[in-house]
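> Please dock the two separately framed chains into a single complex, following the hints provided.
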Amino acid sequence: GENVGLHLPTLSVQEGDNSIINCAYSNSASDYFIWYKQESGKGPQFIIDIRSNMDKRQGQRVTVLLNKTVKHLSLQIAATQPGDSAVYFCAENKSNDYKLSFGAGTTVTVRA
Amino acid sequence: NAGVMQNPRHLVRRRGQEARLRCSPMKGHSHVYWYRQLPEEGLKFMVYLQKENIIDESGMPKERFSAEFPKEGPSILRIQQVVRGDSAAYFCASSPFPGQISGNTIYFGEGSWLTVV
Chain Y
1 GENVGLHLPT
11 LSVQEGDNSI
21 INCAYSNSAS
31 DYFIWYKQES
41 GKGPQFIIDI
51 RSNMDKRQGQ
61 RVTVLLNKTV
71 KHLSLQIAAT
81 QPGDSAVYFC
91 AENKSNDYKL
101 SFGAGTTVTV
111 RA
Chain G
1 NAGVMQNPRH
11 LVRRRGQEAR
21 LRCSPMKGHS
31 HVYWYRQLPE
41 EGLKFMVYLQ
51 KENIIDESGM
61 PKERFSAEFP
71 KEGPSILRIQ
81 QVVRGDSAAY
91 FCASSPFPGQ
101 ISGNTIYFGE
111 GSWLTVV
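Going line by line, the protein sequences match chains Y and G.
Under our numbering, the final residue of the first sequence carries the number 112; numbering is consecutive throughout.
Under our numbering, the final residue of the second sequence carries the number 117; numbering is consecutive throughout.
If you only want the chain Y side, here are some residues facing chain G, beta carbon under 7 Å, derived:
#: 1; residue: Pro44
#: 2; residue: Tyr98
#: 3; residue: Ala104
#: 4; residue: Gly105
Calculated cross-link-like contacts (lysine to aspartate or glutamate; reagent style EDC-like; alpha-carbon spacing at most 20 Å):
#: 5; chain 1: Y; residue 1: Lys94; chain 2: Y; residue 2: Asp49
#: 6; chain 1: Y; residue 1: Lys42; chain 2: G; residue 2: Glu41
#: 7; chain 1: Y; residue 1: Lys42; chain 2: Y; residue 2: Asp84
#: 8; chain 1: Y; residue 1: Lys94; chain 2: G; residue 2: Glu57
#: 9; chain 1: Y; residue 1: Lys99; chain 2: G; residue 2: Asp56
#: 10; chain 1: G; residue 1: Lys51; chain 2: G; residue 2: Glu68
#: 11; chain 1: G; residue 1: Lys71; chain 2: G; residue 2: Asp56
#: 12; chain 1: G; residue 1: Lys51; chain 2: Y; residue 2: Asp97
Everything labelled a hint here was simulated from the structure, so no lab data went into it.
In this text, a Cβ means the ideal position worked out from N, Cα and C, and glycines have one as well.
Bound conformation, chain G alone (with noise of 0.2 Å):
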């Protein structure tokens, strides 16, 4: 039974150019949530995304971050006209039920790293 995965595992972009990430959810999860780590600092929520639907995007920067939760295929988040201050871990988790989580429930995958230059 696959974990969360997460492609790429390390991206460097310019300054300018877009950045995807994907996200494949643990099998039989339908929530996926996306958090932003920044160098020497903690995850902070960015989205949340139940297929076809945004939940709750309120950590998500409101200019040049977009994400989807297709009703097939991954989810991905998508960053236009990098600046260096992106560069940070991205890391996606899943989870089988909405609402409240827990440690046994939510399930982070390996991250995908960015480097803007």
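One chain only, chain Y, in its complex shape (with noise of 0.2 Å):
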């Protein structure tokens, strides 16, 4: 399953499918992305970063692709399982800066 366009809060996608969660960043300025999962009632968990200088980071089942150009991320998810149902989100960083800047947030339901 796919989030397409700008942004769209929901992705429905069957259990053991990949998954792909869109973001459209703002700030031409940041260099420093991440990658957060948030389950109902819970905090910000971390799942990948990405700095500027790549446009490729993987790690386990994620993989999160930068596309500088066109200020695009996205976010891969392998073999989805259960659970991985949450509410996902980017965050944008500048150097040297402590704030996060947070997007609006996509949420993954997925089916058994």
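In structure tokens form, the structure reads like this:
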């Protein structure tokens, strides 16, 4: 499953399929990006990050892609599991800044 | 090693009352950040504090909101004369270093959910 365009608030994906969550960031000066997972009633949980000198970074079952030309970020989750159901946020940051700017989030629902 | 601890987790206040939200950072962390999350939205930066100092409160409403991080004890976010629009989740985060942060050095608490009735 994939959400396309600037941002769609929900994504429904079949268990076992790959998920792609997209994010358009706003500040061309941002050079550090983080994906967070937020389960219901909990705080944001770090998933993976990427700096602007890279265009791809892989973790365990997750990959982040960065396209600075169009200010676009994506999170790919391989073999989506029920435990992946959550809201996913991208956050952007500038060097030597302590503030994170969060996007509105995408709700991912995994169908059994 | 306990994470960032926030309390209360849920708080209900009537309009006009005061809300006090507490945050104990991770052990060894002396930098605290408060974020607010309105329903169906992402987190928005409110304030950055170090022990006994407010470094940046640019994201905090000018009236009714205040924050402190005393030498001893937790950081407190105080909202006076609450209104319905203050209903939100308030998250505290902490880090061990000033300045640039990273996903591996800033940790969020579980949040305090404020409901104003």
